Structure formats: C-alpha cells, structure tokens
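Put chain B on the given structure of chain A with help from the hints.
Respectively, the protein sequence lines represent chains A and B.
Using my numbering, the first residue of the first sequence is number 1, and each one after it goes up by one.
Using my numbering, the first residue of the second sequence is number 1, and each one after it goes up by one.
Simulated from the structure, these hints should not be mistaken for laboratory data.
These numbers come from a predicted model, not from an experiment.
Quick reminder that beta carbons are idealized off the backbone N, C-alpha and C, glycines included.
Hints should not be assumed to be uniformly reliable.
Here are the in silico distance ranges between beta carbons for each label pair [stated by the list, open to error]:
hint, chain 1, residue 1, chain 2, residue 2, range
1, B, P56, A, F94, 46 to 54 Å
2, A, A13, B, V63, 21 to 29 Å
3, A, R92, B, L60, 32 to 40 Å
4, B, L5, A, W3, 17 to 25 Å
5, A, P79, B, V27, 28 to 36 Å
6, A, P99, B, R54, 46 to 54 Å
7, A, D34, B, W23, 13 to 21 Å
8, B, A10, A, V80, 27 to 35 Å
9, A, V75, B, S55, 15 to 23 Å
10, A, T31, B, R81, 18 to 26 Å
11, B, L67, A, H104, 34 to 42 Å
12, B, A10, A, L7, 15 to 23 Å
13, B, V27, A, Q4, 41 to 49 Å
14, B, S55, A, P101, 52 to 60 Å
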Amino acid sequence: MTWQMVLAAILLALGVGIELLCCLGLLVMDTVFDRLHYVGPAAALGPIAIAGAVLLEEGISTAGLKAILIAVVLVGIGPVVTHATARAARVRRFGHWQPQPDEHVEEG
Amino acid sequence: MNAWLIAALALLPGFVACGVVLWRATVLDALAALNLAGILAALELALLAEGLHRSPFYDLALVMALLACVGGLVFARFLERWI
Numbered sequence: 001m002t003w004q005m006v007l008a009a010i011l012l013a014l015g016v017g018i019e020l021l022c023c024l025g026l027l028v029m030d031t032v033f034d035r036l037h038y039v040g041p042a043a044a045l046g047p048i049a050i051a052g053a054v055l056l057e058e059g060i061s062t063a064g065l066k067a068i069l070i071a072v073v074l075v076g077i078g079p080v081v082t083h084a085t086a087r088a089a090r091v092r093r094f095g096h097w098q099p100q101p102d103e104h105v106e107e108g
Numbered sequence: 001m002n003a004w005l006i007a008a009l010a011l012l013p014g015f016v017a018c019g020v021v022l023w024r025a026t027v028l029d030a031l032a033a034l035n036l037a038g039i040l041a042a043l044e045l046a047l048l049a050e051g052l053h054r055s056p057f058y059d060l061a062l063v064m065a066l067l068a069c070v071g072g073l074v075f076a077r078f079l080e081r082w083i
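Same shape as in the complex, but just chain A:
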C-alpha cells in the first residue's frame, strides 16, 4: 500500500465523515438559519476531500479532472445557494432583507 492510497483513504473517510456530521447537524437544529450553517461545510469541505481522494487514486486523468470539476461547481455555487436560501427565509419573515430598526449592523 503506497502513501497515495493511505492519504486517499484518509481523505475519503474525512469527506464522508464531514457529510454525515452535516446531515446530523441539519437534523438536530431548530431554525432554518441554524440548519444552513451545516449546508455550507457540506458544499465546501466534503467535495474537496472526496475530489482530493479521487485525484490521488487516479492522478490527472479524465476521472480526476471530472472530480475536480464537481468540487469546483459545489464549492463555487453551494455558498451562493446557501445565501439565497437565508435571504429567502429573511424576506418571508420580515417582508424585506434590510436590517430592522432595532438591529445594530456595523457599516463596513
């Protein structure tokens, strides 16, 4: 067993573990905003770990490049979807997404 295979197995276990922990977090949290905190890591960390495992196993090949592409899509668009979901939840609750009068928001 080479060091690439060992590292690929570690990354694979890490990726699957992150995804399962995120699913557990989604299940036990109460509000949509709390739940979205667990969708973010699932879209970013898990795909990177699994794509890394595939890349170590296959090298720069068709499978390796497609695994990278899948991770890029999930990491690139996943946070946008999470943000859009949070914004939709806020708009449904307050009618708009701007801060409420009693909310303190620091200007950047």
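Chain B only, in chain A's frame:
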C-alpha cells in the same frame, strides 16, 4: 466491494436525515435539506463512478451537482415572495 463503494454506502444514511427534515419541518427548512440532499447525491454518484471504475458515470455526478445548485437557487427565488 472496495473502499469507494463502502464510502458510497456510508453516505446513504445522510439521505434519511434530509428526508426527515423534508417531511417534518417548514418549507424553508425543507429547502435547506433539499440543498444538502443534492450535494449528497452528486457525491454519491461520484463515489459510485470511482467504485465501479466507470469514468463516464462522473458526467452524471457533474450534471447532478449543477442541477442541484441551480434548482436550489430557483426554489429560493420563488419561495422568497411568490409561493
């Protein structure tokens, strides 16, 4: 059965968690669960492609990842005001 197929099998309980939230929670919570289920489905297909040594199956995972993300955006947009 190799490590990739075992990993694909280990990911399956994640769909149960998403299904429970989809079934029991509010519509926006269900959208969060749907987003996570789409990510899981894309990774599941990628693991199956690697485990079965079928490189073309990666295309399914790629399309699933794209459609899950775009579908989540469309759902979020419609749930924001119109549904």
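Structure-based check of each hint:
1. Between P56/B and F94/A the CB atoms are about 47 Å apart, so this pair conforms to the stated range of 46 to 54 Å.
2. Separation of A13/A from V63/B is about 27 Å and conforms to the stated range, judged on CB atoms against 21 to 29 Å.
3. At about 33 Å, the beta-carbon gap between R92/A and L60/B stays in the expected band of 32 to 40 Å.
4. For the hinted restraint 17 to 25 Å between L5/B and W3/A, the CB-CB distance of approximately 23 Å keeps it satisfied.
5. Take P79/A and V27/B: their Cβ atoms lie about 21 Å apart, and the range 28 to 36 Å is violated.
6. Separated by about 51 Å at the C-beta atoms, P99/A and R54/B satisfy the suggested range of 46 to 54 Å.
7. Hint check: D34/A to W23/B, Cβ distance near 18 Å, so the stated range 13 to 21 Å holds.
8. Taking the beta carbon of each, A10/B and V80/A are about 28 Å apart, inside 27 to 35 Å as hinted.
9. Between V75/A and S55/B the Cβ separation comes to about 22 Å, which falls inside the hinted range of 15 to 23 Å.
10. Between T31/A and R81/B the Cβ separation comes to about 20 Å, which falls inside the hinted range of 18 to 26 Å.
11. Against the hinted window of 34 to 42 Å, the Cβ-Cβ separation of L67/B and H104/A comes to about 40 Å, which satisfies the hint.
12. About 19 Å separates the C-beta atoms of A10/B and L7/A, a value consistent with the hinted range of 15 to 23 Å.
13. For the hinted restraint 41 to 49 Å between V27/B and Q4/A, the CB-CB distance of approximately 45 Å keeps it satisfied.
14. For the pair S55/B and P101/A, the beta carbons lie near 57 Å from each other, so the given range of 52 to 60 Å is met.
The structure does not agree with numbered hint 5 stated previously, though it agrees with all others.
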